Amino acid sequence: MDLNGLYESIALIKPEIVISLTLLAIVLFDLILSNSKKLLPFIAATGLAVTLVIQIIELSTTGYAFSPQNATLFYGMLSVDSFGAFFKVIILVSSLLIVYFSAVTDEIKQSFDRLGEYYTLIFGMILGMMFMTSAIDLILIYLSIELLSLSSYVLAGFTKIRQRNNEASLKYIIYGAVSSGMMLFGISLIYGMAGSTNLVELNNFIQSGSINLVTFSIALILIFAGFGFKISVAPFHFWTPDVYEGAPISITAFLSVASKAAGFAVLIRFIRVGFVSYVDSDGFWRLSEVFDWQALLVIISILTMTLGNFSALWQDNLKRMLAYSSIAHAGYMLLGLAVLSNQGAFAILVYFSFYLIMNIGAFFVVMLIANKLGSENIDDYNGLGLKSPFLGVALGLFLVSLTGLPPTAGFIGKLYLFIALVDAKMIIVAVIALLNTVVSLYYYIRVLKKMYLSNPTEDTPEIKTSAMNTIFILILAVPTLVFGLYFAPVVDFAKMCISFFGV
Amino acid sequence: MNGFPILTLLTFIPILGMIAVLVIPKDKANLAKYIALIATGIQVVLAIVLLSNFNYNAGGIFEQSSFQFIEKFRWIHIKGLSWIGTVKIDYFMGVDGISVPMVLLTAIISFIATLSSWKINKSVKGYFAMFLLLDTGMMGVFVSLDFFLFYVFWELMLLPMYFLIGIWGGPRKEYAAIKFFIYTLFGSVFMLLVMIGLYFSAHETLADGSQVFTFNMLALMDAANYTADGILSPFNPENLRFIAYIALFVGFAIKIPMFPFHTWLPDAHVEAPTPISVILAGVLLKMGTYGILRISYPMFPEITRELMWFIALFGMINIIYGALCALAQKDFKKLIAYSSISHMGYVMLGMASLSTTGINGAVLQMFNHGTITAMLFLIVGVIYDRAHTRGLNDFGGLATQMPVYTGFVTVAFFAAIGLPGLSGWVSEALVFVGSFGVEVIRTLAIISTLGILLGAGYMLWTLQRVFLGNLNEKWKDLKDIDGREYAMLIPLTLIILFLGIYPSALLDVMNTSVNSLVHFLSTNVTNFSISGL
Amino acid sequence: MEVGLSHFLVVSTALFSLGIYGVVTRKNAVMVLMGIELILNAANINFIAFSRYGNFGLNGQAIALFVIVLAAAEAAIALAIVLNIYKTYNHVNVDEIEDLKE
Amino acid sequence: MSELFIINISIAILFLPLLGFAVVILFGKRFPKLYLFEVGIITINLLLSIYVMVVKFSSYINDALVYGFTWIDFGNVPLLGPLNIELGVKIDNVTVIMFFVVNLISMLVHVFSLEYMRGDKRFNRYFAYLGIFTFSMLGIVISHNLLMIYIFWELVGLSSYLLIGFWYEKKSASDAGKKAFIVNRIGDIGFFLGILILFTSYHTLTLDSIFAQIAAGNLPFDSAAWLTATGILIFLGAVGKSAQFPLHVWLPDAMEGPTPVSALIHAATMVAAGVYLVSRIFVMLTADAMLVIAVVGAFTSFMAATIALTQNDIKKVLAYSTVSQLGYMVMSLGVGAYAFALFHLVTHAFFKACLFLGSGSVIHAMHHEQDMRQMGGLRKKMPITYAAFLISTLAISGVPLTSGFLSKDGILAGSLAFGSLTGHWLIPILGFVVALMTAFYMFRLVIMTFHGEPKNQHKFDHAHESPFVMAMPLVILSVLSIFIWYTPLPHSPDAGWFLSSWVKTPHTVVPAELSYDFMISETPVVEDQYSEHAVVHSEKYTEAMHHAHYPAMFLSVFLGGLGILLAFTMYQWKKIDPDKLSNKLSWLYKFSLNKWYLDELYDATFVNPTIYLSKALAWFDNTIVDGIVNGAATVTKFFSAISGWFDTYIVDGFVNATAFFSGFVGIAFRKLQTGKVQTYIVLVVFSVLALIFIISPF
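Same order as they appear, the protein sequences are chains A, B, C and D. Taking the working numbering, the leading residue of the first sequence gets 1, the next gets one more, and so forth. Taking the working numbering, the leading residue of the second sequence gets 1001, the next gets one more, and so forth. Taking the working numbering, the leading residue of the third sequence gets 2001, the next gets one more, and so forth. Taking the working numbering, the leading residue of the fourth sequence gets 3001, the next gets one more, and so forth.
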């Protein structure tokens, strides 16, 4: 074994190492200084901030100018490239936001003694996600997904205040275990056929021909079930509404953004590295004719967005509604993958950047309102926007952005998505997606309607936001608006990051 | 005027006003009214400055050099990768003879609507903030020359409108607001798709010689810019231009509103507060027809020619259907709403003629309908403020009680009927001259003249039911109009009279542009062939 | 009769199916977890069988070891959650835990 | 006096009444006496128009004074070249005559109204309306192009609407105003379409330019049929305004307006505008168009006369008589007797205005009683009114020595000539029958009103002769109904200055094959239509007229006398009981009394169906269009009936945009979300199997 190579490999996973160290630090701090739990969020934030800085420095100084040969580490287990780095940035940013989010959530405050566990598990999730974004070996993919999942199972039922927390946890683990079991079974079949779990070798194997297509398809669909579970697309989404509703709201927000980002990263990489034989000059991925990914992805994404949107129409619980909305958004983003082009993948990156801001923003405002109101039910929002104008406007902005209306960031995300679709001449699909957008307006606007068009009742609280919370909301709201009008920085960044290694 | 960013100012002064409205303290909320009045007042002044510096001999439409007051800055410029191309979006504004009347209309109607908003007392700050945002959206649509910018402004006015109807509206406001919103969004998503399709079908050559995809409307009008394989490129034998045209047209038609997409309008009008009805009928509806003239026509000249009969047909249906529906209404506002549908039919009929007289008539009708209908809605507002009912059969004999008011009503009604000497007639007549002159749609034009008759029918019947006859004792305490209402109605009356007698004041502004549009439509047809759909 | 790859595959497939069946039909949460174990072990059998018959080196067997460890961790967490469920519901019947739904 | 000066004066005459209108309507509330300003203006107007007439006839009798300007300039239009719309004025002999007639009657009506309308609460506004009417009427007369005529055409419609509905508290008055406007609009649409045809073909609306192009052989859309159609369409405008069948129904109702208004607008001037319009386009009428016009005119005059026989409302009788006389004029144009139509227009204006003002005087005296059966014997109480009324009645009946005799005789001669030249004998026959009936019903009116015993003693006792301001106009107008003002020879209108030098028949511009041969002069057409030539079109026609002159004169005098005799027999001497007669001919009587049931017919065929259609469409719009476009709202409603659950969502505003669809899909999706994790897994397993079947290459 070449230990030099191992050493070099370690040098390239500094962010993961810092995360691991922070995780250890949190555990130790919790054990030793169990009276100063208040400091835990700061440690977590510091760790994340340091990681983020390292990640960004790596991105910018080296420009991730690895040659493809050097980019695969640990004997072809990991691929460190700017694509992964982009998602790592997304994950780290959202984690940072979630740390603050958790610090002001009532639900988490009530479980104050177990704050150490909470952050440990969060970091477990982060670590899992970081590896997911880079993994190019099916086994590592499986393991990192499990690392993420196991932590999140516990977090989903973390608070134990209400029955629904436990129920969420139980459903999540049973559902997750079955999905990952299917995935594993699929991986074993692939292993049996290709003789390796490495994606690069899988690609080579596909090029070589001689495949039992039926078995291969079954294996791939089983594996896709695992991914589908992670990014919660129909028909693997059933856990999502129940778990999102039952879990603490900070975890819901985290799951809906970071975990989904990691899932998308790994799915894109799986297809890009495992199946694409070459990329043509227009940026379209040419796949070997062994499996019709496009058909699968188009069917799944249309099903997902339609189901997400139409189910969201009927939700009275805002958290649950946002859960369905996040399903719908996963559907839109999956369309970007269905295009099977750089353009499409690029659109996903752009979409995710904006989705991150607006979705966390929406959850945050809902959380603040729930803290005061004790309810996430839409019927309790009567006239809220008139009584608490700042929160109302902020939530309105986030929801409008989620709908995808200009001049908000959400529109730009959708725009890039549709650009990719039209570029690929997938007009019918684009029309379906657009009509879905119209449907989605219904339920987003319903919240606005309750907040503004209904008159305030006596129960409608006037919610004062602390300075910190105001700043936090502004940090999310201002970009939502500004990126809607000037999105070049984000797009430039995403453009820089759309290069894959390990192919 | 070189270098003075008058269009930017026109567009964004209301935004400044909105910010000012938002920062004033809550206990001085009434200040918002004055801020809005000042902002819209400045807009009117700027619009007049614009008009007075406007060169009547520059055509515009398809060439940048003959647009005026151009402001063009790079807004988004993302250098390309090999597979994605450079993304370039410009902040590109400019006006020609078709947009100037609309800018003027927007400024005037906004100002008058501000006056008419004086009695709003429910969340005043919010109201005027939304109002001013709406103003920006409308103005932006009329001055944008970049499709992307256009689309942003187009959508920008959706939300304020939703709230303005939804919060300050009548009993069924929520229903009306959501209906408006969903309808319009439904239309605009198709527009978005066509916009993206066009983006991928044409190249614009930049100063440095590089070719990039473009949202520049003027570049999209030039057939030479289209690539060989773009999906909306005329050179692509399998292009989707026909479908795209329909999709785009539906997007605009919903706004007009064209039968059968009109049903949001009566609801929206009935529920909206008076100033918002004024804006809605006065300006918003014009955005649909303006969009067709500005975008559909020059970008798809060959399909426009192919479909002119259908456009005229729908115009005719609008005229007659709207008028017949108006005849049956019992609610004053709903009646005016349906009359709007009817009158917008004239605009479509005129546009469909693709002739100078017809399009001049259409654009003039856009302006005239804007002022006349604004006046009609103000009139409904006046009576609703006092009596709190709009039932046509609840009144009677108001002419005795409110003679001055009735005087204004008479002017507005007869303008709407198309009485010569008042502005509405000139544009209707030109529309008929234009559409009758084109053999293809002559029959439709002839049938459409029935609209003149029906229009007189429902308007005079309304006049009779509400104002003539013996005074209903219930209303013997109604006051005649006050100073503020004078201030709203007199300018509109003067405009209606002035343009009735001297329509050239406005026709000369637009004529060169209309001629160049007609010229463009008639010469660019041969270069294209209709796709084999 | 020589025991070959296909035999292992038949067994693993049967195991996988039984696992799914178990997860779907058992009421008791612990039994459901058993079903999950069956699914994972079906995959393990595959890995080892392929590794043995496919001349792919020892990778497959190493993978199986990883999976066993993971399965243990998962079982631990799952049982802890079941315990919690028992505390709040006083039973562990999966199909009666259905408060979160439409 | 330069031409420009005359033009300027004429334009001043045009706009002065508008000034009066504007001042009175704007400040009338503050200054209750402001109506005097309007009266003053109209007086000045009359003097100016007399001045213009004198100058015109003395200096420019053979010239038309034209002034035009570009109203709308379309620049250089693609494919067409330069295009503009021109407006302008043309002052010829007819114009100045009409100016005088309009201003004179308008002034007299103003004066009459000072007394008649005294005490009305909207006194000022009444005069303002008279002002805007005068303005619009003068506008029609002075225009040199069809567009301006159309503009003022509509404006007189407006003033007519305002004045008919002046007492708008009465439902019948506002109804009548509305009816007048809308019925007129029907005709106006035809007029407008005619304008469109001409503009499309010639890119100008100036009459002389159009005629020049037709004369050069350019037909509209290169088709003779279109030329005929254009003539008939423009005539349709006249049908509306001049109350010809089938659009005459508004005029009798228009009597709801104040009586002086009826005199001014609905008898003397506005209704004659239609005749004036046809005379303006006379030269471009084809033979077919002329025949249509002649038939419509003849039929209208007949129909109206039959109705007038049985009416009991004094104003209704006069209204139908007006319709009938207008029919005469229209017929006259149709048969080619151009000059006589205009001549009758003028004479009729005076005597009919006199009749209306006279009836106004009576009504005033009788405290707004209009039913003739309540009158009688007023002769003694109101001698001046009676005298004036009688002279005018003689004139309308065509008794020699009156103006009516001259003009009516010409028309009848023309129709007789037309009959002899074309074989359309029905037209002269109708004309003579009408002459009989006219004399009858007019004298019936005079007898019932002024002769015999008072029927209503109470009202009779309070009746009194009208004061000077009301009597003076009557006297002036009745004096103008005497022959001497028009011709020195009471039996020969041709000898008069009106026909011999003022009004001359222009030459047709229609290609010879489309025109009646008698319309084409055998002598070459002289360029200037105002130079000396014969009154009528061709030697052939002149001859026919000449032959028809005496037969027509004698026959009409005989028939008129017969009518008068009949009236006296029945109403004065009571030799024949009218009631018995009507009972005997009850079917005919009712048919006439109910105005041929035309109002009922129109209601049943046009008005009500339109209303029903509009209601049906409104329902359709609300339910079906809204429903289909919004996504099957009807289905949704059906659903809501079944399930109250759905109802909440409808109320909630969910009925829209795919409500049904989204509801359905939503429910389907929701059903899957059972909350049981095992169900979910079953679903996942089945989905995986399904995907395998869909995607795998089996």
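It is worth saying that the hints were derived from the structure and are not from the lab. Some hints could be false.
[As the list claims (entries may be wrong)] Below, a sample of chain A positions facing chain D; criterion: calculated Cβ distance under 10 Å:
hint: 1; residue: F74
hint: 2; residue: V178
hint: 3; residue: F238
hint: 4; residue: S288
This structure is a prediction, so every number in the text was calculated from the model and none was measured. Think of the CB as a built atom: it goes at the ideal place given N, C-alpha and C, for glycine as much as any other residue.
These are the hints, each one checked on the structure:
1. At a threshold of 10 Å, the smallest CB-CB gap from F74/A to chain D is about 32 Å, leaving the interface hint violated.
2. At a threshold of 10 Å, the smallest CB-CB gap from V178/A to chain D is about 5 Å, leaving the interface hint in force.
3. Using the Cβ-Cβ criterion of 10 Å, the hint placing F238/A at the interface with chain D is satisfied: the shortest such distance is roughly 4 Å.
4. Here the hint on S288/A is broken, as its CB sits about 13 Å from the closest CB of chain D, past 10 Å.
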